[in-house]
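Q: Note that the protein sequences, when read in sequence, are chains A and B.
Each residue of the first sequence is one higher than the one before, starting from 0 at the first, in numbering that gives the first Met the number 0.
Each residue of the second sequence is one higher than the one before, starting from 0 at the first, in numbering that gives the first Met the number 0.
Note that these hints are calculated values from the structure, not bench results.
Where a beta carbon is used, it is the ideal one built from N, C-alpha and C, also for glycine.
Covered stretches of chain A (in silico footprint by chain B; criterion: 3 or more residues with CB under 8 Å from a CB of chain B, positions within the stretch not fixed):
(1) 26-40
(2) 51-64
(3) 213-220
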Amino acid sequence: MIKMIAQYLIFPGVIFSFVIGAMGFWLERKLTARFQYRIGPPWYQNFIDVMKLFLKETILPKDATKTMFILSPIVSVSAVILVSIILANNYFLNVSFVGDVIVILYLLLIPSLFTILGALSSKNPLALVGAAREIKLMLAYEFVFITSLIIAIIKSGNSIMLADITGIQILNKPNIASFSGAIAVLLSIFYAQAKLCIVPFDMAEAEQEIMAGTTIEYSGPLLGFYKISKLMLYFSLPLFIISLFIKVHTASMFSRYLVFFLMYALIIFVMSVIKNINPRMRIKDAVRFFWFFLFPLGILGIILAQLGL
Amino acid sequence: MKLKEKILTKSLWVYHLSAGSCNNCDIEILDCLTPRFDIERFGMQLVGSIRHADVLLITGAMNKKSAKILKTLYGQAPKPLFVAAVGTCPCSQHLFKGSYPMLGPLDEIIPVDVYIPGCPPRPEAIIAGIAKLINKITAKNKK
Numbered sequence: 000m001i002k003m004i005a006q007y008l009i010f011p012g013v014i015f016s017f018v019i020g021a022m023g024f025w026l027e028r029k030l031t032a033r034f035q036y037r038i039g040p041p042w043y044q045n046f047i048d049v050m051k052l053f054l055k056e057t058i059l060p061k062d063a064t065k066t067m068f069i070l071s072p073i074v075s076v077s078a079v080i081l082v083s084i085i086l087a088n089n090y091f092l093n094v095s096f097v098g099d100v101i102v103i104l105y106l107l108l109i110p111s112l113f114t115i116l117g118a119l120s121s122k123n124p125l126a127l128v129g130a131a132r133e134i135k136l137m138l139a140y141e142f143v144f145i146t147s148l149i150i151a152i153i154k155s156g157n158s159i160m161l162a163d164i165t166g167i168q169i170l171n172k173p174n175i176a177s178f179s180g181a182i183a184v185l186l187s188i189f190y191a192q193a194k195l196c197i198v199p200f201d202m203a204e205a206e207q208e209i210m211a212g213t214t215i216e217y218s219g220p221l222l223g224f225y226k227i228s229k230l231m232l233y234f235s236l237p238l239f240i241i242s243l244f245i246k247v248h249t250a251s252m253f254s255r256y257l258v259f260f261l262m263y264a265l266i267i268f269v270m271s272v273i274k275n276i277n278p279r280m281r282i283k284d285a286v287r288f289f290w291f292f293l294f295p296l297g298i299l300g301i302i303l304a305q306l307g308l
Numbered sequence: 000m001k002l003k004e005k006i007l008t009k010s011l012w013v014y015h016l017s018a019g020s021c022n023n024c025d026i027e028i029l030d031c032l033t034p035r036f037d038i039e040r041f042g043m044q045l046v047g048s049i050r051h052a053d054v055l056l057i058t059g060a061m062n063k064k065s066a067k068i069l070k071t072l073y074g075q076a077p078k079p080l081f082v083a084a085v086g087t088c089p090c091s092q093h094l095f096k097g098s099y100p101m102l103g104p105l106d107e108i109i110p111v112d113v114y115i116p117g118c119p120p121r122p123e124a125i126i127a128g129i130a131k132l133i134n135k136i137t138a139k140n141k142k
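Chain A with its partners taken away, still in its complex shape (with noise of 0.2 Å):
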């Protein structure tokens, strides 16, 4: 019982997930000031900011719908929380259940969405604004995301559990190396930047032109719970890819971890690359990109996957 408590709440559990996202985080900054010939922030940045959040003040706003403005984070915080919880449970200790994908597929909606029901209840009209994109940004990336999602799931079968995913991978091997799996690991790292408001797909926060979007009219610790399900999510999106496509054989515990910590060190790497090379999209261009660029070709990759490609 004791042991089980302490999987899901220290080691592949809460505490884990919310170290390494942060000091993944932490890498994506250093990067970019590395990039623009900084020196960047210390690695401890991302526990001190949280810290910080939760001394400050929070200021409800007189017109805000009390109970939803509260609420949304809270929700966002505890739904990415049991996503690094099955991910990281199916990645370091091989637990999973029958339709795991599915259930990981749907709590990744759930920050976003809330989010979204955050900053409207806010009733700040940049809010507004960030909001409106956001919906937008999710009708285009989620749809992008699912045709990665279906690639995989052929690859091992038409098994929808992680397990069977990640257990074919390591019989044969990683989904990456074929075609469609290639195509699938390019899509869902377009997701993933979507999914964080990383550079081009940031307009739901561009500081520059609607300050700080959906969060403009949070402080404090509710600003905190934002903070921290972000840093969740980069342990949990960059976990979830590698286990549907780069999931390798290893031999012992020692290299699995290193194994993992490498690739997530290359994925954020990759994502802080993109960011670092492109502007912001406008949100028309970037619905454009994910539909009629992105989206065939994760049709492809399924027919390419059918195929056994």
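Based on the hints, put chain B in the right spot on chain A.
A: What follows is chain B alone, placed relative to chain A:
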């Protein structure tokens, strides 16, 4: 208690308000973000919303219209909030003293924590001013 001040000073998020300035100080504030000075290595970053801010940087001589906005912004910010007056204008009104739309120096309108004079102050001076602010926050704790 000491830990609290340390956390606060290690991650200062800065909101920048131009209350009728000539834009020179604003350019110098942006210079602090460039590779040569890079204030992100101290954990500071410019934020877009006053609700996220820990430090309110104010440039420009206050006139009657911007004073109203400034009071609203000061009320909207979550406490603890520190106010920094950047440039000679908010510190002492500079050459606009006695002009008809002016209300007086900044510290007669809201409490100011640190003054950074200069027309415009160099980025080094702004960073030194923020260092003074950090010393002030930690010294308050020691008593």
